[in-house]
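Residues per chain are reported as follows:
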Amino acid sequence: MTLVMQVRLSRYLRLYDSASKPPTGPAPAPVLTKVRKSWGMSALAISKHMLRSSITNELNETDQKRQPKEVLSDLVVSCGAMTALLITRDGHLMSEGGETGYLDTTAMAALVAGMFSATREVARIVGEQQFSILLQQGEKRHIHISLVLGSAMLIVVFEDYQRIGLVRHQARKAGLTLAELLRKETEMTKPELAPELSMPAFKEYALDLIDRIFKPN
Amino acid sequence: MPYISYHDKVIAFKIVYYGPGLSGKTTNLTYIFNHLPEELRGDMLTLNTSDERTLFFDFFPLDIGRIEGYAVRFNMYTVPGQVYYEASRRLILDGADGVAFVADSQPFRLEENIDSFQSMQKNLGHYGVDWKGLPIVLQYNKRDCPNPIRIGTLEQRLDLDGIPVTDAVAIQGLGVMETIHTLTRDVIVRFKL
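Chains as they are written, first to last, in this note's numbering: chain A, 1 to 217; chain B, 1 to 193.
Some clues are possibly wrong.
Said to hold, decoys possible - Below are the EDC-like pairs computed for lysine to aspartate or glutamate, each with C-alpha atoms no more than 20 Å apart in a straight line: (1) Lys192(B) - Glu187(A); (2) Lys192(B) - Glu196(A); (3) Lys132(B) - Asp186(B).
It is worth saying that the hints were derived from the structure and are not from the lab.
Keep in mind that this is a model prediction, so the values were computed, not measured.
Go ahead and model the full structure; you've got the sequences and the hints to work with.
This is the structure we're talking about:
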């Protein structure tokens, strides 16, 4: 099954013109994360504490004000990749960075989410909770996929396989920033996020459109 | 719960066609795809086995338009019906906002319909979703077969009091649009932020 999906994915990547590869940037210095051990906490609490600590320690104020699209665009530049996508676990495209004209991002999101979910089942079969990183190696193009907060996935498409270490490092860094941005968004309430969205009017228009599109003659 | 991007102003609902193998899920989806204006739909993606059976899922996105500043999309999926793809079916149900259950009206497939519906209930439960709170439409497909099962049989056997029901001959397009129309309306009516 994975093989079939890899073939499909490679179909969506085939049209890229390598001459227009995005500029590459210098490798940044490695980031050190300090985690303070908290006595008396449960294993789960410690693990959540470690995650939160590592996120806050590595994010500066500028990072926290950015939008996912900017983070993805910077990621593409910093590791010389072609494209970076952020998708939900159930296959919705959330944001994109870099060159995307050569691929069907909607189909890509649906396929990768399915592939990642299938891999999670495989992980459970062999006694793991999940595999947090997936790497698909092709002849010219490769895909690095990593989990963000367990509910989203970061996809990086790149060409030069020798950059895999850099891709992995930058994807991890970007993943932490994105995790923090997503966490903040989930903490915000609906009126803060969408003050203009009126539910009765939305439903009325949506039902009218559905009637026009699907109503049998 | 649909995917909502407040920043990009997108609301996306996930619609899943579920049911036993060869009941007509892909036929439903293909008919809808072929009868929508091209500007509303993206490409259709199919992951088939060598004998044209659905391996993982069929999929296409449908953009119904912009409402209150938000682009509204239905992402349409089918699951593979064959018994041994249970894990795939469970994965695709993740995040579903509405389900069209396509039942096969041929009498000898009654028990498979029941097994499939029960597996759907169980798989939704895996994600903490109570199927009773989810928009579901029951489609009796293949109504042109000899001695089709009586409409009401599945509701009675599965205790599905009040579930919306449609009858269809999907291969001729009959009942296909009624089913998706009923389901998407229900999804919107129950939508909450």
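Results for each hint:
1. Lys192(B) - Glu187(A): holds, 17 Å
2. Lys192(B) - Glu196(A): holds, 15 Å
3. Lys132(B) - Asp186(B): holds, 13 Å
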